[in-house]
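From first to last, the protein sequence lines are chains E and W. Residue numbering for the first sequence follows this note's numbering, beginning at 38 and increasing consecutively. Residue numbering for the second sequence follows this note's numbering, beginning at 153 and increasing consecutively.
Hints in this document: simulated from the structure, not taken from any laboratory. Owing to the predicted nature of the structure, the values given are computational and were not obtained by experimental measurement. For glycine and all other residues, C-beta sits at the position ideal for the given N, C-alpha and C. You may find that some hints are simply not true.
[Said to hold, decoys possible] Reference listing, derived: stretches of chain W covered by chain E, where coverage requires no fewer than 3 residues with Cβ under 8 angstroms from a Cβ of chain E:
no., stretch
1, 186-196
2, 202-211
3, 254-264
[What the hints assert, rightly or not] Straight-line Cα separation of at most 20 angstroms, DMTMM-like style, residue types lysine to aspartate or glutamate; simulated pairs:
no., chain 1, residue 1, chain 2, residue 2
4, E, Lys114, E, Glu103
5, W, Lys193, E, Asp46
6, E, Lys144, E, Asp46
7, E, Lys144, E, Glu45
8, W, Lys193, E, Glu45
9, E, Lys144, W, Asp190
10, W, Lys192, E, Glu45
11, E, Lys95, W, Glu254
12, W, Lys196, E, Glu133
13, E, Lys144, W, Glu254
14, W, Lys193, W, Asp237
15, W, Lys192, W, Glu234
16, W, Lys188, W, Asp237
17, E, Lys144, W, Glu210
18, W, Lys204, E, Glu133
19, E, Lys86, W, Glu254
20, W, Lys196, E, Asp46
21, E, Lys144, W, Asp237
22, E, Lys114, E, Glu45
23, W, Lys188, W, Glu176
24, W, Lys188, W, Asp170
25, W, Lys192, E, Asp46
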Amino acid sequence: AQSVAQPEDQVNVAEGNPLTVKCTYSVSGNPYLFWYVQYPNRGLQFLLKYITGDNLVKGSYGFEAEFNKSQTSFHLKKPSALVSDSALYFCAVRTENSGYSTLTFGKGTMLLVSP
Amino acid sequence: DTAVSQTPKYLVTQMGNDKSIKCEQNLGHDTMYWYKQDSKKFLKIMFSYNNKELIINETVPNRFSPKSPDKAHLNLHINSLELGDSAVYFCASSQGGLVIYEQYFGPGTRLTVT
Chain E
38 AQSVAQPEDQ VNVAEGNPLT VKCTYSVSGN PYLFWYVQYP NRGLQFLLKY ITGDNLVKGS
98 YGFEAEFNKS QTSFHLKKPS ALVSDSALYF CAVRTENSGY STLTFGKGTM LLVSP
Chain W
153 DTAVSQTPKY LVTQMGNDKS IKCEQNLGHD TMYWYKQDSK KFLKIMFSYN NKELIINETV
213 PNRFSPKSPD KAHLNLHINS LELGDSAVYF CASSQGGLVI YEQYFGPGTR LTVT
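Make a model of the complete structure from these sequences and hints.
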């Protein structure tokens, strides 16, 4: 079964510092990986995805993610954190079900950026 | 323009009641989903419809019945509500099939069963 793991419940970082939110995956076949962000009392918003190609994927709001096949990881990164980046971040992997694709999400990582 | 909308945003009701949540998308997508997010923020898919046909049903109790009158709408009806049904329910949509398209989520409906 396809799955992703987010080992950290919470990540704390000071504004202006680089941030990393970790995700590892377990899939059979090629992995299709996603990052979503959930702001308080809001729905999930798509940030970026890895399907194939360049291992460094750039997404919305200055975020990027690095796909590492040997380490089965897809960590989310940003060079300089903003207080407004504080939110819940979900890693997800494509799962095939009945000939269709759906997403299996990790448990989420709360990112807190302090001023 | 709201891409994926849900009504109501909040729903407070008593055990044993029946309630419905409505979802509409104006993105022209052919696939819609219902997710449940529990109190620990864990997100799990419940159902998926493609072109008004049920394609995914993830061992959800029979008390939950989705209905898709057309490609742009996916409603969720819940019978005999239980305390454990309290959660945030998210609707989402995407282009379907095996091609890997991202999903767009609605704002969620917070259901509280007392």
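TODO: Mind listing which of the numbered hints don't hold for this structure, in increasing order?
DONE: none
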